[in-house]
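Asker: For this one, chain G is given, so just place chain F on it according to the hints.
Take a look at the letters that make up each chain.
Number of protein chains: 2
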Amino acid sequence: MRRRGKNHDPSHGTANHGVYKRLGLHSVSFNPTMSWKDLAAAKKQAQLEKIPQEWLIKDLPTDKNVVDFPKKSGLLSDLDLEITESSVATLLQNLASSKWSSVQVTTSFSKRAIIAHQLVNCLTEIFLDRALARAKELDEHLARTGKVVGPLHGLPVSLKDQVNIKGIESTMGYIAWIGKPVEKSAILVDILEESGAVLFVKTNVPQTLMWVETHNLIFGRTSNPHNRTLTSGGSSGGEGALIALKGSPLGLGSDIGGSVRVPAGFCGIYGFRPSYHRIPYSGAANSLEGQDSVNSVFGPLSQSLDGLTTVVKTVLGKQPWLRDAHVIRKQWSEEEYALSDHGGKGGKLCFAIMWDDGITKPDPPIRRGLELTKKALLAAGHEVIDWKPYKQAEIGLNTFAIWSAGSGDDYRSVTQLSGEPLIGSMAPDATGNEVRPVFGKPLSAYELWQVQKKKRDLRQEYLNHWSATVAQTSTGRPVDAVITPVAPYASAPHGLNRNLFYTVWCNALDYPSVIIPTGAKVDPVLDVKQPRTEFFSPMPFDKDIYERYTPELYEDAPIPIQVVGRTMEDEAVLAMSKVVDDALRSNL
Amino acid sequence: MRRRGKNHDPSHGTANHGVYKRLGLHSVSFNPTMSWKDLAAAKKQAQLEKIPQEWLIKDLPTDKNVVDFPKKSGLLSDLDLEITESSVATLLQNLASSKWSSVQVTTSFSKRAIIAHQLVNCLTEIFLDRALARAKELDEHLARTGKVVGPLHGLPVSLKDQVNIKGIESTMGYIAWIGKPVEKSAILVDILEESGAVLFVKTNVPQTLMWVETHNLIFGRTSNPHNRTLTSGGSSGGEGALIALKGSPLGLGSDIGGSVRVPAGFCGIYGFRPSYHRIPYSGAANSLEGQDSVNSVFGPLSQSLDGLTTVVKTVLGKQPWLRDAHVIRKQWSEEEYALSDHGGKGGKLCFAIMWDDGITKPDPPIRRGLELTKKALLAAGHEVIDWKPYKQAEIGLNTFAIWSAGSGDDYRSVTQLSGEPLIGSMAPDATGNEVRPVFGKPLSAYELWQVQKKKRDLRQEYLNHWSATVAQTSTGRPVDAVITPVAPYASAPHGLNRNLFYTVWCNALDYPSVIIPTGAKVDPVLDVKQPRTEFFSPMPFDKDIYERYTPELYEDAPIPIQVVGRTMEDEAVLAMSKVVDDALRSNL
Numbered sequence: 001m002r003r004r005g006k007n008h009d010p011s012h013g014t015a016n017h018g019v020y021k022r023l024g025l026h027s028v029s030f031n032p033t034m035s036w037k038d039l040a041a042a043k044k045q046a047q048l049e050k051i052p053q054e055w056l057i058k059d060l061p062t063d064k065n066v067v068d069f070p071k072k073s074g075l076l077s078d079l080d081l082e083i084t085e086s087s088v089a090t091l092l093q094n095l096a097s098s099k100w101s102s103v104q105v106t107t108s109f110s111k112r113a114i115i116a117h118q119l120v121n122c123l124t125e126i127f128l129d130r131a132l133a134r135a136k137e138l139d140e141h142l143a144r145t146g147k148v149v150g151p152l153h154g155l156p157v158s159l160k161d162q163v164n165i166k167g168i169e170s171t172m173g174y175i176a177w178i179g180k181p182v183e184k185s186a187i188l189v190d191i192l193e194e195s196g197a198v199l200f201v202k203t204n205v206p207q208t209l210m211w212v213e214t215h216n217l218i219f220g221r222t223s224n225p226h227n228r229t230l231t232s233g234g235s236s237g238g239e240g241a242l243i244a245l246k247g248s249p250l251g252l253g254s255d256i257g258g259s260v261r262v263p264a265g266f267c268g269i270y271g272f273r274p275s276y277h278r279i280p281y282s283g284a285a286n287s288l289e290g291q292d293s294v295n296s297v298f299g300p301l302s303q304s305l306d307g308l309t310t311v312v313k314t315v316l317g318k319q320p321w322l323r324d325a326h327v328i329r330k331q332w333s334e335e336e337y338a339l340s341d342h343g344g345k346g347g348k349l350c351f352a353i354m355w356d357d358g359i360t361k362p363d364p365p366i367r368r369g370l371e372l373t374k375k376a377l378l379a380a381g382h383e384v385i386d387w388k389p390y391k392q393a394e395i396g397l398n399t400f401a402i403w404s405a406g407s408g409d410d411y412r413s414v415t416q417l418s419g420e421p422l423i424g425s426m427a428p429d430a431t432g433n434e435v436r437p438v439f440g441k442p443l444s445a446y447e448l449w450q451v452q453k454k455k456r457d458l459r460q461e462y463l464n465h466w467s468a469t470v471a472q473t474s475t476g477r478p479v480d481a482v483i484t485p486v487a488p489y490a491s492a493p494h495g496l497n498r499n500l501f502y503t504v505w506c507n508a509l510d511y512p513s514v515i516i517p518t519g520a521k522v523d524p525v526l527d528v529k530q531p532r533t534e535f536f537s538p539m540p541f542d543k544d545i546y547e548r549y550t551p552e553l554y555e556d557a558p559i560p561i562q563v564v565g566r567t568m569e570d571e572a573v574l575a576m577s578k579v580v581d582d583a584l585r586s587n588l
Numbered sequence: 001m002r003r004r005g006k007n008h009d010p011s012h013g014t015a016n017h018g019v020y021k022r023l024g025l026h027s028v029s030f031n032p033t034m035s036w037k038d039l040a041a042a043k044k045q046a047q048l049e050k051i052p053q054e055w056l057i058k059d060l061p062t063d064k065n066v067v068d069f070p071k072k073s074g075l076l077s078d079l080d081l082e083i084t085e086s087s088v089a090t091l092l093q094n095l096a097s098s099k100w101s102s103v104q105v106t107t108s109f110s111k112r113a114i115i116a117h118q119l120v121n122c123l124t125e126i127f128l129d130r131a132l133a134r135a136k137e138l139d140e141h142l143a144r145t146g147k148v149v150g151p152l153h154g155l156p157v158s159l160k161d162q163v164n165i166k167g168i169e170s171t172m173g174y175i176a177w178i179g180k181p182v183e184k185s186a187i188l189v190d191i192l193e194e195s196g197a198v199l200f201v202k203t204n205v206p207q208t209l210m211w212v213e214t215h216n217l218i219f220g221r222t223s224n225p226h227n228r229t230l231t232s233g234g235s236s237g238g239e240g241a242l243i244a245l246k247g248s249p250l251g252l253g254s255d256i257g258g259s260v261r262v263p264a265g266f267c268g269i270y271g272f273r274p275s276y277h278r279i280p281y282s283g284a285a286n287s288l289e290g291q292d293s294v295n296s297v298f299g300p301l302s303q304s305l306d307g308l309t310t311v312v313k314t315v316l317g318k319q320p321w322l323r324d325a326h327v328i329r330k331q332w333s334e335e336e337y338a339l340s341d342h343g344g345k346g347g348k349l350c351f352a353i354m355w356d357d358g359i360t361k362p363d364p365p366i367r368r369g370l371e372l373t374k375k376a377l378l379a380a381g382h383e384v385i386d387w388k389p390y391k392q393a394e395i396g397l398n399t400f401a402i403w404s405a406g407s408g409d410d411y412r413s414v415t416q417l418s419g420e421p422l423i424g425s426m427a428p429d430a431t432g433n434e435v436r437p438v439f440g441k442p443l444s445a446y447e448l449w450q451v452q453k454k455k456r457d458l459r460q461e462y463l464n465h466w467s468a469t470v471a472q473t474s475t476g477r478p479v480d481a482v483i484t485p486v487a488p489y490a491s492a493p494h495g496l497n498r499n500l501f502y503t504v505w506c507n508a509l510d511y512p513s514v515i516i517p518t519g520a521k522v523d524p525v526l527d528v529k530q531p532r533t534e535f536f537s538p539m540p541f542d543k544d545i546y547e548r549y550t551p552e553l554y555e556d557a558p559i560p561i562q563v564v565g566r567t568m569e570d571e572a573v574l575a576m577s578k579v580v581d582d583a584l585r586s587n588l
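Taken in sequence, the protein lines are chains G and F. FYI, UniProt numbering numbers position 269 of the first sequence as 269, with every residue one higher than the one before it. FYI, UniProt numbering numbers position 315 of the second sequence as 315, with every residue one higher than the one before it.
These aren't lab readings, by the way, just hints derived from the structure by calculation. Just so it is clear, the structure is predicted and the values come from calculations on it, not from any experiment. Hints may be right or wrong, so weigh each one.
For identical chains, the list gives no copy identity; a pair is met inside one copy or between any two copies.
Computed list of lysine-lysine pairs in DSSO-like fashion (alpha-carbon distance at most 30 Å, straight line) [as the list claims (entries may be wrong)]: (1) K388 - K529; (2) K441 - K454; (3) K71 - K375; (4) K388 - K543; (5) K72 - K99; (6) K318 - K454; (7) K441 - K453.
For reference, chain G alone in the conformation it holds in the complex (with noise of 0.2 Å):
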């Protein structure tokens, strides 16, 4: 594993050469005479050089949204349409019958990212160049043999910033990180390659990663491609905003407290948050490393289920537990994607919805989201029942303060390094000398192991809890699996994305959870804000998040909903969210 440290000393060696050359820093490397402003100012002109001239939007538009825009662009041909616009299934179909080549699919995608980019920047590293041998290769292989190389064959597959490729930078929008390709790519990279994908770019995150909306120091803001006064969500918003736009069929994000499931639900698309230890991480640069008690998991993002599926069994299949040393040796069960733990296929399933937390009553739109989906269920056959938040607020603060021991000496061991700020507040007229909101202090390790013991115990208590649920149910079972809101709000203006308690207790109690979107949007007609006086206490969300609600600000907004399974129910929980997603599908 590439040891990429935080200490590392970044002026040393030869191997950065290159490219502080290619940035114009011709022998260039920290020291006081070159600013840390200097420095991102030069990444990001980098950046710009790597976008193709004739894929420029000549006249940018000026509406909040714009997810339909790349098809009026005029820069994408009805094939790169007809590309882009299919689902992972039919790309891989398409790409292993050769009716499509992976050059073809690339070229299309690349195209459609980097208009994607220049609407809502949401990419940092760009190598289409690098993209197109591999395409190549995979085209010349598959004519060669007949045969695919893997289950991704030919696919574009985009990945967050952090997951390293070997020869590109992995800045995690740290200025202290410019400069420095990695020696050493993730695990996950190699398999995703050795499975076919094809790698093209690398996408925005908020400098940290622990914020769920993205903006840095070096790329700046990402949009939501549906309303651009709005956050694309964070920590994996680059991925979020490029696959709403359709610039990828399929990327992968991480998740430690939502940072998979925030971009996917408030840009629209699919997103999946595993189990601990399913999927590779080892060789991945990452923040609060060493924290090895809430973990972050890497995840899919797509515009189709599907994609999440295909990409998660891809990985399994391929044995990663051979490979990185945290990954639990367990192979992908088809007996358990086939629900044998919930009646079997087919059968009737009982789901719970979790109306609110107890923290904040979700904006109109959410809860119709919720009704639509359980109108939806209803007709599928299914049961559907309330669920009864346990200790949310609690759960999540204990989370908080687990990070909170030791965050702020991690993020500053790195901010230090380059003398940038730590970005204290996301909001777009930020000054800069935002104090960083937190929910803890510092701790000492056995302080932390008092939160961490509690962390067990709540585990322990809600899994009692969901137990205990067969009571209610007409299966004889205990619910199948539980669906919430995302977030209370169907996203947030800028900076203002502040509450992850729904989010954040699956990372806690390890549930895997699937982001669908129920197909509606936010609407002045239907969600109408209504008269409350009555607000939960003590945390002040609720009531915040309230009075800001108007259909208005949320214009254009998707509505998603969460499907939350038992830990290590991976495969179950996808299954189930195929049943979730089909019934919402049929009720349109």
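Answerer: Okay, now just chain F, sitting in the frame of chain G:
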């Protein structure tokens, strides 16, 4: 889960009243007039009163080696002897066929456990009445229904003191925890009882659990039945000594650095450290709670290898992940037990022997044990190569640093409740003022994360090291299992077992490992001390241990080996241990 609470007020409530009364401590609780010594003495006295008079040994032997004493004691009938000297498989078969009643089997083991206790001081809680009542119920159930209640029907099982049983104390050797019968059984206890086990005694541990010897200020010291001048090992030393004397066919201990394996090895029995999170831990007492990085695991000790396999298979068969939030959802795999990932059943395996770990060269008998094993495996048609140690010292020191990050506060949070001193030496001549030896210091959470980050890297490096052995084997696979010493010595004089490097690396790397007695014992003729002038450095163990060695010091001590598999290969490592065990038996 019961919150047993180190911060629990010991004087509260009425539930303790009866216990205090039984202890002769009517309405007494912790107060300045009651010294910790008085409390300890009263508890020990109460334990003595649990011993049936008719099972008292009249003339206690003075021999060092008492392993055969029970046979000659005159207290056991021929049937008692036949029963207590049977393997777990035979016991279960004869219990299921009603050849032996559970009442009979429980009585035989109870007698022998009480004899054992008088020889080596291995027990803590004794609850024979409860056990016999349960045995009677099981006998009646079998007579009535013709069916066993589960795979462990009628089998007496002993438990390390920390495993909570409703209504019984779990002092864990802490005086502050005297007089508090627990309110809820550990999930493991529920599962064992539902599977038909008859719990009858709990076994001794060191104060804090964090020693590889067994001594505390309530119950005192447990000795090695093969040579009572030596330690039984720890922390599951009560189990090791009890089972070696055949006072229990099967016990459950815990292992965070060798605590199942060291006593199994020193006492000449079988022991198994499973991978993290396969055997449920919820609801048990523990040390260093909330330390989520190097996890303690429960594992079995037994006179027979089949005992280990049976109990693991039984527990996993009860789907413990449905009850314990931390257990991995992974069934017992018959396929993996049939060595599907190791060339299939009966195929040629490649073992690698770690002759030394680069920290200490094992004493002559330990070396001989490895040589015997090599010879036996070669004779059975397997391949045996040398294992190259990899950063063994660094791995051990890293784990010690993780423990030490908060252990001092953890221990003191309990000892300060009663005023008992924190034991600083396990030597018989300790004055009580010794300072506990430590390998690390208290850390901040952020500093702890840096140590844990290093651990993650070491795990990944070790996996790569193991995978690379594919180039050295003739099987086309990397080494199937590694064979190592359990410790550099066969045991240690009381107070001198200070080296756990041969076991702790498996905890750090999460490698399942089985202890097998070679059948050989330390022999003054075969195990002559050899001249040596060069020693491993910088740690002092190698020279110290060399200088200490004489075959006479370790007279009659059994010689064990350890079989180590890869993370989550629990089934395979048990199966490969059977291969090793069969080879050793057929070569004796």
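Asker: Could you run down the list of hints and mark each one as holding or not?
Answerer: Against the structure, the hints:
no., hint, verdict
1, K388 - K529, "within (25 Å within a copy, 69 Å between copies)"
2, K441 - K454, "both (16 Å within a copy, 24 Å between copies)"
3, K71 - K375, "neither (33 Å within a copy, 73 Å between copies)"
4, K388 - K543, "within (21 Å within a copy, 63 Å between copies)"
5, K72 - K99, "within (25 Å within a copy, 84 Å between copies)"
6, K318 - K454, "between (36 Å within a copy, 26 Å between copies)"
7, K441 - K453, "both (17 Å within a copy, 21 Å between copies)"
When each numbered hint is compared with the structure, a violation occurs for hint 3 only.
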